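Student: Build the complex from these two chains, which are given one at a time in their own frames, with help from the hints.
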Amino acid sequence: MERLEVHGWTAPSSLQETPSLVLIDTTQLALERSISGAAQRHEALAANLANASTPGYRRVDVDFHGALAAALGTGDKSAVEHTAFTTQADASVGVTQADGNSIDVDNESAKLAANALEQQAAVSVLKARTAIMRSALGVA
Amino acid sequence: MSMFGGMEISGSALTAQRLRMNVTAENIANAETTKGADGNPYRRKEVTLQSVGQAGTFGSQLSRAMGSSGVAPGGVQASEITEDQTNGKLVYDPSHPDADEQGYIRMPNVDTVTEMVDLIDAQRAYEANVTAMSAAKQMFAKTLEILR
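Residue numbers (numbering that gives the first Met the number 0), protein chains in the order written: chain D, 0 to 139; chain G, 0 to 147.
Excised from the complex, chain G in its bound form (with noise of 0.2 Å):
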């Protein structure tokens, strides 16, 4: 057990979710982009988190070969990041450049609703992690006053 295990596991969070404020960022910024580099409208874009040092990492094997029966805590990162492939609605706009021959407009599949509660929830997280964190470093200097 390191003793600065608590702040990287917290900080490996405000990674992650700095992460999907940026890309929800990009969706909301993108919710009316109808023509992306491809020629497509925009996709909203999800993040997929993922925990490590639960199972498989050196770490947790050493502890387990050390015959301790418990796991490892790890922090979070983010897996992937995906497109989703669900079609956007469409606008009749005979007048848009990117109509096609019925006058329709394929609008980006962005909820402007869902990525904003979708920002909220990435925020309290961060908040939580960055609270842990703090708590953390507390911890540690209430430790270095039995030196003092």
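Just chain D, with the same shape it has in the complex (with noise of 0.2 Å):
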């Protein structure tokens, strides 16, 4: 391939390098995962936050991110597009209550909204992407 030279400056070799044609690449995979994921995680947060008052629940969560990260992690592409999820119980968390119970109503809420907004971030990137992904192929 022919170096790419402008005006001498030299262009980085990961720009020199051929693209290879990728409709859905692995960027587009791992943000539906995590849609995905955030979906799975809201079920999880709002089952702590339903069994805030039922004595001797533990709280659950989705540790989607970990799951993410090690799976991009391995610059695997199927890794990624099969990442799976695991609602797990939180024993990082000790009892708050008499009754056994482990819940912090604030602290759900705070989680349970910040879910809610990665979700949308993910969703409105997604969006973009696809939107670009259109534009280029001429079916706007």
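Errors might be hidden in some of the hints.
Simulated restraints on C-beta separations [claimed, not checked]:
#, chain 1, residue 1, chain 2, residue 2, range
1, G, E79, D, A78, 46 to 56 Å
2, D, K126, G, F3, 16 to 26 Å
3, G, M115, D, A109, 20 to 30 Å
4, G, N21, D, T129, 44 to 54 Å
5, D, T129, G, D83, 12 to 22 Å
6, G, D83, D, A69, 50 to 60 Å
7, G, T81, D, G93, 24 to 34 Å
Derived from the structure by calculation, the hints contain no laboratory data.
Every value quoted in this text rests on a predicted model; they were computed, and no experiment measured them.
Ideal Cβ placement from N, Cα and C applies to all residues, glycine included.
Tutor: Okay, structure coming up:
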């Protein structure tokens, strides 16, 4: 491949490589998985709030960030595409109420609001990327 | 995982908290009832809540069989309504029709302050679950925007 030089500036090697034609790239797949993960996490956080006054209830959570980061770390596109998230009991939080319940309503509400915003942000980015793709394909 | 799972979970909590409110309202309404249908003074009622879908349900068994190690988050339900068996205080009022030979009336074991605290607790829990439900609604609406 010819070296890209403009007014003495040499493009970095990453730009020198011919990009392979990929319609759905790893980032797009990761965004799709993170939307799915946020939806699953919402269920867990909603269940925590629902059981805020259930004796003996222990909070559950979904670490979809960790699972997705691990999949992205492998650099394997298929690993990202097939990332599965598990809803698990959260052992890090101790009992906060006399009836053996470990739910802090304020904390759960904050997590729930943050998770909803995160999901909406991921959808916005995904939508913007799809719009670019549609524009390039001429199917606006 | 269903699309509306989050809303169903919050919905079950709204049902449970509304029942708690109703039972608390019944307790306050009967705070001075010295003779019920069974002839005894009114006894305060308590709702016991229980989480559903945590273990033993079809959904959780299925997800375990399909190789998922996690738990299926479930909603909440009222498992039972129990009567508080402690005795209410005795009040001396010989002219009262429900008074015994010594002139004492057994009052209901309802403490209005406790009931008000329970009522506020149920109300706040209800509001928290409404917020969770509206967050779920916003998330679904945003997801549907992808199609537009």
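Student: Now tell me, hint by hint, if it's right for this structure.
Tutor: Okay, the hints, checked on the actual structure:
1. Between E79(G) and A78(D) the CB atoms are about 47 Å apart, so this pair conforms to the stated range of 46 to 56 Å.
2. At about 22 Å, the CB distance of K126(D) to F3(G) agrees with the hint of 16 to 26 Å.
3. Separated by about 27 Å at the C-beta atoms, M115(G) and A109(D) satisfy the suggested range of 20 to 30 Å.
4. In this structure the hint that N21(G) and T129(D) lie 44 to 54 Å apart at CB holds, the actual value being about 48 Å.
5. Checked against the hint of 12 to 22 Å, the C-beta distance between T129(D) and D83(G) comes to roughly 59 Å, which is inconsistent with it.
6. Restraint check, D83(G) to A69(D): a C-beta distance of roughly 51 Å satisfies the suggested window 50 to 60 Å.
7. Checked against the hint of 24 to 34 Å, the C-beta distance between T81(G) and G93(D) comes to roughly 28 Å, which is consistent with it.
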